[in-house]
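*Asks:* All chains, please: the whole structure from these sequences, using the hints.
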Amino acid sequence: MDSWETVIGLEVHAELATKTKMFSSALNSFGGKPNSNTDPVSLGLPGSLPVLNEKAVELAIRVGLALNCEVQKSVFARKNYFYPDMPKAYQISQFDLPINKEGWLELSDGRRIGIERAHLEEDTGKITHVGGGGRIHEASYSLIDYNRSGVPLIEIVGAPDLRGPDEARDYVSELRSILVTIGASDGKMEEGSLRVDCNVSVRQKGDKELGTRCEIKNINSLRSLGRAIEYEAKRQIEIIESGQKIEQQTRHWDEAEGRTHKLRSKEEAFDYRYFPEPDLVPIEPSEEWVKEIADSLPPLPRDRRYLLAETIGVEPTETSLIVQRDLDGFALKAISFKANKKRVLVHLENNLADGTGELTPEAFASLTVMEMNGELTATQTKTVLAELVRAGGDPQEIAESHGFESMDNSELEEIVDRIILENSDDWVVFINGDETERKKKSGFFVGLIMKETRGQADGKMVNQILSDKAKN
Amino acid sequence: MEATEIAKKVLSGEMSARSVIEQHIEIINKIEPDVNAFNLVTAEQALIDADEIDSKIASGETLGPLAGVPISVKDNLCTRGIETTCSSKILEGWKPPYDATVIEKLREAGAIIMGKTNLDEFAMGSSTENSAFGPTRNPHNLERVPGGSSGGSAAAVAAGFSPLALGSDTGGSIRQPAALCGVVGVKPTYGRVSRYGLVAFASSLDQIGPFANTVSDAALTLEVISGHDPRDSTSIPEKPLDISGVLNQGIEGMRIGVIEELSGKGLGGISKDVISRVEEAIKVFSNAGADVESASVPASIYGLSAYYVIAPAEASSNLSRYDGIRFGPRTEAATTAETMTATRTKGFGDEVKRRIMLGTYALSAGYYDAYYGKSQRVRTLIMNDFAKAYEKFDILISPTSPTTAFPLGDKTEDPMQMYLQDVCTIPSNLTGHPAMSVPFGSGEDGMPVGIQILAPAMAEREMFQAAKILESESGKDIE
Amino acid sequence: MVQRISREEVAHVARLAQLALSEDELDAFTSQLAAVLDHAADLEALNVDDVEPSTHPFPLKNVLRVDEPGEDFNIDEVFEVAPKVEESQFRVPRILGES
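Protein chains in written order, with this note's numbering: chain P, 910 to 1381; chain F, 7 to 485; chain U, 344 to 442.
Simulated from the structure, these hints should not be mistaken for laboratory data. Misleading hints may appear alongside valid ones.
Stated by the list, open to error - Covered by chain F, according to a simulated footprint, are these stretches of chain U (three or more residues, beta-carbon under 8 Å):
1. 371-377
2. 405-417
3. 421-432
To be verified - FRET-style restraints, in silico, Cβ to Cβ:
4. 374/U x 1045/P: 38 to 44 Å
5. 940/P x 58/F: 38 to 44 Å
6. 412/U x 1150/P: 54 to 60 Å
7. 1151/P x 412/U: 55 to 61 Å
8. 381/U x 478/F: 43 to 49 Å
9. 50/F x 395/U: 50 to 56 Å
10. 1157/P x 434/U: 32 to 38 Å
These numbers come from a predicted model, not from an experiment. Ideal Cβ placement from N, Cα and C applies to all residues, glycine included.
*Replies:* Here's what the structure looks like:
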């Protein structure tokens, strides 16, 4: 198994957050009464004609720019196939000239994944299977609601650069986060506004050629994405190891069974008969428009990781969790109030996973300063922090109300001196011993002192005093 | 009576709109059973509309330039709540929930719709014999075809059912029946008239245009229906046309080219009497002070071949939506896919099936470049050659149709013979340029002949000025 | 001369177009389509490699619509003439296979 490498390329469809549909003024909203947000265009009635939504184009350009793509002159094409959810029996999409081409997305670990293209297309209607438990093959008939028909989609086609389920999930999270940040989509995978088709192939590590791929459809969550990839890679490896060849197929992920099954082979693939959509004219966004859109983009997750990392003085990979939690703005605010940068990072990562609640950046800043000054121990700081998140307030007052009066140094020194006296043999070993012995004894003394102070002493301070005394 | 005259009399109160409509209904009742120009006569509604016009006039309201004028519209134009069938069984009984833009514009102008006219199914044909509801006959001779695909509209005007009609022209479907029925027929510049609500045949070629008995009526109708429409992305953002104001300015000094390749020298099959009428037209233009010369548009001879790839390709896609799911009669089967196939198989006629298959083939994997791709490049060649010709000429002329109206059944067995009917008209659809047919004398069989006038994009005014000259001399002895 | 389109190709194309053809129809269509394609053969001799394809007769670009809702649309007018409607949806027989 270890000699195999899984190669993954993802095609992500995201519904664009427009008010109206891609090619008509019917509302881009579904879930209401079936077929209530339709019109002649979204029902594909004879004589109706598409007119392109400017906002959909703008959002597509936003996506392209955020994914470092080249925004280019593009044309729409018809993708012809019969299916009852597709009212015109063709989907208006983009084929050889997509609006965005050749970009990249950086994973949180800093690795760049290629984006081949990000193009505009329209969504289909929704089919409900009636009878047979709602399963397609057992249903007795079906009902079609075209409220979703004509909703604008952006299809983001990633390069086969991903190397395993974790990376694939990371890619989708990062992409989702970008789409949400720039206001292009609500990115809700469970609700279907973000859909992932997954191309999986396997090859021997070190091989340059790609293996034959299978496309997996019906992946509805990040969890299924990982499971489907694992299942599919295993299936393919078993086939190859048994001496057979992989057949290029489209496969369906069955969440309940935890497996993929064949939908159709390459030979049975649709002949889509793409040709330029004669009812629409080319889009050639002006340089000014593209620049205007670029200037209006908010900082992207990657930029935010880099900014926070630079401010704190760590690697961008260390700030990815905070950016993912959308807490980087809070961190920067706290730092602007002179918070201790490293403590900000530590607390946001470890102690503020559920959000900042009532905590203000100012209070957070003073808390980290108190902690660093030794006014509070690590444990006490956590207690005060939790209180601040719950109810807000002043860290100083909260600390006092808990009786967390930090020991003043002279008091602490007295205790240290007494303990040294009581354990003079150990003290000698601490001073003269080798590295290992020194470490061992250091722990011994800190433990005694903490016990003596009932944990009120600051560990760092204790170490400082001990090493000062050892030097003298 | 001319449309312009009817409107004048209705507006002045000299005639009521009701009496106009009643007169036309009478003619329809008498002759329509022989001609079969209509799929549906909306007489009742027309009378209601007429009364409304009359009461508006009585109360002093301002009305449009076509007030009280009867008009027949091709049955591939969507009319809200009124059956729109494209002369196909697959749309039988379908009532659109909206009006085409041209229908809205006609109503605003005060025109009264008399009915929906017959056509070759989905506008595919040149004789109106491919209608699921029976052929239309030529009012000049009931044994002859009226041409097509807008044969019903051409026949309606020729028979006096209405002074005006609308048709659609994808490869000659207005001009050729106009020529065969002896009326004026205009295909405007592509994008001049909104296609919103026109049931698509070949989207990059389709254009709506008027039929009329006179050039000035055709001009007025085109003025009414033209203009930018935000619902059609290919609509040209221009103000509506003003042709009437310049119609009688003459053609002194106009440079007119006679397209060699389409006037008998390049292509065979153009009959002698048609060629004679073209020669007479040249004299008429020269006599009126124009500078007439022979013009060469070499690539125009490839028009037919390119067209019979491009039009079916687009049609194959446009006609995919007729699957029996959302509208039209359904032939129910066990599964949805079988239902779609059964519905389409039963609903489409042979010519439509032929073109769907031809187009599907031309777009299918492995053949796209050889057929569709190549034809789109040839289309560019044709555009280039016309552009070159228009460096030397203001307008061009040719016959509209190679022959006069042929007998019913003459060409139904051999599709290719039927397709050759469009050889002179197709190039203007590929270039998107305006072109019109003006009746000009008749052939040896006594049937009308049409002269085609072609102009560069947006040059409808010059085209109409020449048409006006030709019209004034039609049927006279030309010296 | 070899026919430009075979009977099998016509059958394949009919399937793509969701049309069912009888054996007789297949024969007739095959020869008719071949005749049209024969006529189109005059294009083969043309060298158009350096010519750009034209998809539109009139060169427009960036025709865009403002993202604002339009007039209300009455779906009931569609349902009234639809083949089969149930609970405000279009009813179809069983669907086999996925898109």
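*Asks:* If a hint holds in the structure, say so; if it does not, say that too.
*Replies:* Going down the list of hints, with the structure as the test:
1. 371-377: holds (count 3)
2. 405-417: With 4 residues in contact (Cβ-Cβ under 8 Å with chain F), the coverage given for the segment 405-417 of chain U holds.
3. 421-432: Coverage by chain F holds here, the residue count being 6 at a Cβ distance below 8 Å.
4. 374/U x 1045/P: 38 to 44 Å: holds, 41 Å
5. 940/P x 58/F: 38 to 44 Å: Given range 38 to 44 Å: holds, Cβ gap about 43 Å.
6. 412/U x 1150/P: 54 to 60 Å: Once the Cβ atoms are compared, 57 Å apart, the range 54 to 60 Å for residue 1150/P and residue 412/U holds.
7. 1151/P x 412/U: 55 to 61 Å: This hint holds: roughly 58 Å between Cβ atoms.
8. 381/U x 478/F: 43 to 49 Å: Cβ of residue 381/U to Cβ of residue 478/F: about 44 Å, so the range 43 to 49 Å holds.
9. 50/F x 395/U: 50 to 56 Å: With Cβ atoms ~53 Å apart, the hint holds.
10. 1157/P x 434/U: 32 to 38 Å: For residue 1157/P and residue 434/U the Cβ distance comes to about 36 Å; the hint holds.
Comparing the model with each earlier hint shows no violations; every hint is respected.
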